[in-house]
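Participant: Listed below are the residues making up each chain.
There are 2 protein chains.
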Amino acid sequence: MDTDCIKIFAPATVANVACGFDVIGLAIDAPGDEIILRKTDTPGIVIKAIHGADLPLDPLLNVCGVAAQHFLKKLDQPDAGVEMEIFKNIAPGSGIGSSAASSAGAAVGLNELFGRPFDNKQLIRFAMEGERLASGAAHADNVAPAIMGGFTLVRSYQPLDITALHTPAALWVTVIHPQIEVKTSDARAILKQKVLMTDAIKQWGNVAALVAGLYQEDYGLISRSLEDVIVEPVRAILIPAFHELKIKCKEAGALGGGISGSGPSVFMLSRGEIIARQVRDVMNEVYAPLGVDYNIYVSPISTQGSRVIPM
Amino acid sequence: MDTDCIKIFAPATVANVACGFDVIGLAIDAPGDEIILRKTDTPGIVIKAIHGADLPLDPLLNVCGVAAQHFLKKLDQPDAGVEMEIFKNIAPGSGIGSSAASSAGAAVGLNELFGRPFDNKQLIRFAMEGERLASGAAHADNVAPAIMGGFTLVRSYQPLDITALHTPAALWVTVIHPQIEVKTSDARAILKQKVLMTDAIKQWGNVAALVAGLYQEDYGLISRSLEDVIVEPVRAILIPAFHELKIKCKEAGALGGGISGSGPSVFMLSRGEIIARQVRDVMNEVYAPLGVDYNIYVSPISTQGSRVIPM
Chain X
61 MDTDCIKIFA PATVANVACG FDVIGLAIDA PGDEIILRKT DTPGIVIKAI
111 HGADLPLDPL LNVCGVAAQH FLKKLDQPDA GVEMEIFKNI APGSGIGSSA
161 ASSAGAAVGL NELFGRPFDN KQLIRFAMEG ERLASGAAHA DNVAPAIMGG
211 FTLVRSYQPL DITALHTPAA LWVTVIHPQI EVKTSDARAI LKQKVLMTDA
261 IKQWGNVAAL VAGLYQEDYG LISRSLEDVI VEPVRAILIP AFHELKIKCK
311 EAGALGGGIS GSGPSVFMLS RGEIIARQVR DVMNEVYAPL GVDYNIYVSP
361 ISTQGSRVIP M
Chain G
61 MDTDCIKIFA PATVANVACG FDVIGLAIDA PGDEIILRKT DTPGIVIKAI
111 HGADLPLDPL LNVCGVAAQH FLKKLDQPDA GVEMEIFKNI APGSGIGSSA
161 ASSAGAAVGL NELFGRPFDN KQLIRFAMEG ERLASGAAHA DNVAPAIMGG
211 FTLVRSYQPL DITALHTPAA LWVTVIHPQI EVKTSDARAI LKQKVLMTDA
261 IKQWGNVAAL VAGLYQEDYG LISRSLEDVI VEPVRAILIP AFHELKIKCK
311 EAGALGGGIS GSGPSVFMLS RGEIIARQVR DVMNEVYAPL GVDYNIYVSP
361 ISTQGSRVIP M
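The listed protein sequences derive, respectively, from chains X and G. According to this note's numbering, the first sequence is numbered sequentially starting from 61. According to this note's numbering, the second sequence is numbered sequentially starting from 61.
Hints listed in this document are in silico derivations from the structure and should not be mistaken for laboratory results. Misleading hints may appear alongside valid ones.
For identical chains, the list gives no copy identity; a pair is met inside one copy or between any two copies.
[Unchecked claim] Listed below are the simulated DMTMM-like cross-link pairs for lysine to aspartate or glutamate, each with C-alpha atoms no more than 25 Å apart in a straight line:
| hint | residue 1 | residue 2 |
| --- | --- | --- |
| 1 | K181 | D259 |
| 2 | K181 | E287 |
| 3 | K252 | D101 |
| 4 | K252 | D82 |
| 5 | K133 | D179 |
| 6 | K133 | D259 |
| 7 | K133 | D118 |
| 8 | K252 | E292 |
| 9 | K99 | D64 |
| 10 | K310 | D221 |
| 11 | K254 | D82 |
| 12 | K308 | D341 |
Taking the hints into account, I'd like the entire structure generated from these sequences.
Facilitator: This is how it looks when you write it as structure tokens:
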């Protein structure tokens, strides 16, 4: 096997998992970006091609390039060079961690190419620089699950403190991506700077219960705690038919869900594949008459994160 | 054994466990109130004596009496009667669940006397009525651990949703009770009605991490997450030398802690008895020069809750 050339799969992710706004994310098994990385004799980074999206090849303007720069800077091997070919399967702006997948995939890919010099936490730091380029802020809530897999918790940025949470095997995710534009900056701007103490308490009661539900594999508790009383009520107006979608998905057996990242995608968690597919059918029923293009993904939660796959 | 007469031990509890304000509580092994309960031929409730505190014998004005009334009403045996003798070992107003212990002990005691007709959730409801009498609000954050033991989470009141969290065996608690008065109503009144979104996010990141830390028995994570950025900064002024106490306890090895309930007690969690006793020594050092009377308790976390003990 030519270990100087590898292919990486980097999963889509859901950030802002309901009550876990800004702190809890999860990785899904599909879709995901793919990146072919090749060691080169020429120092530096070349992005050879990008398939599936119109994104800059300039490494300074590309999230893979930026993550790779930070990797190579820390690696400190002046003659190290890498060439990347990127296959974008996650639509930019979809709210399921498109830039995070590419950033994470580049960081994990370089780590594999160069003999795994760095741990996950360091790889997350590199990938966060890709996020800084994409959104202006070095968020970790998508790159953490894109690298570690499963449910992740970002407790703190100063210092960076990230924990892999237990992920019950039977949890499946159904995601609908309505093809409308929701700018992250707009989604941020409509949030209130202050929240009611009573709402905040409700939210952290739910977050605590969600984490307990994950560890106990208590699907009833997970379901009851998938409630966001702070951000969803403000952002729901950005998503066509959000409330109808959520109500009908839960009627179809979904445990619960909410807006993925800052939208426009909406995710629903279910216990098992059968219900997750019923939830997809309901999403189709709600969205088909709306005249909005959309994609739906049904996937287990990926406990693996970004990884080498066969060429 | 005369099962018509039993003795109950009801543990002290810490509510508002740092970032878990209003939702996470824990039971300690000592001190605790004791209640002797006896079935009587005369229907109704008699409180025969109260030792250790000046509290009303009238069952309508006593938290044990109120919990017992609600128990008997639900039991619906018109000729049921009970007599109680209460030994208050937890000082009223100490902030370690004095009224909750008595309410919980009465509810659990009656349940034992009458053949365990009710589950923990129902017992918590009865005990919450005692809390309503004591503080004007039917809180569950002390009565839940006083009944269930260990760490508990009150996710919601409408409907009541309470979860027992995993409790690492090596966790010990050191509590200092400065003998000053902090009225719960005053401690409530100084809280802000609105909080910064950024602080709220920090708080629920910490709560999620605390719960994950408990399940993973990750003492480092527990320590890092024992941080309250919302309530403690406001209430710390109510407790003499709070900041010095906290800093020195952590220097002595405590994982972290905060104000117990609405004060004036302060609790610190430690890994193991030895450190918990070192923390006690440091509390003594800080408080001895202050001219404030105080008690200090060192105890493992009680995973048992209120229970029958030998007469």
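Participant: Each hint needs a verdict: does it hold in this structure or not?
Facilitator: Hints and how they fare:
no., hint, in the structure
1, K181 to D259, "between (32 Å within a copy, 24 Å between copies)"
2, K181 to E287, "between (29 Å within a copy, 22 Å between copies)"
3, K252 to D101, "neither (51 Å within a copy, 61 Å between copies)"
4, K252 to D82, "both (14 Å within a copy, 23 Å between copies)"
5, K133 to D179, "within (16 Å within a copy, 61 Å between copies)"
6, K133 to D259, "neither (44 Å within a copy, 34 Å between copies)"
7, K133 to D118, "within (17 Å within a copy, 75 Å between copies)"
8, K252 to E292, "both (12 Å within a copy, 23 Å between copies)"
9, K99 to D64, "within (5 Å within a copy, 81 Å between copies)"
10, K310 to D221, "between (33 Å within a copy, 19 Å between copies)"
11, K254 to D82, "both (15 Å within a copy, 19 Å between copies)"
12, K308 to D341, "within (10 Å within a copy, 59 Å between copies)"
Checked against the numbered hints given earlier, this structure breaks hints 3 and 6; the rest are met.
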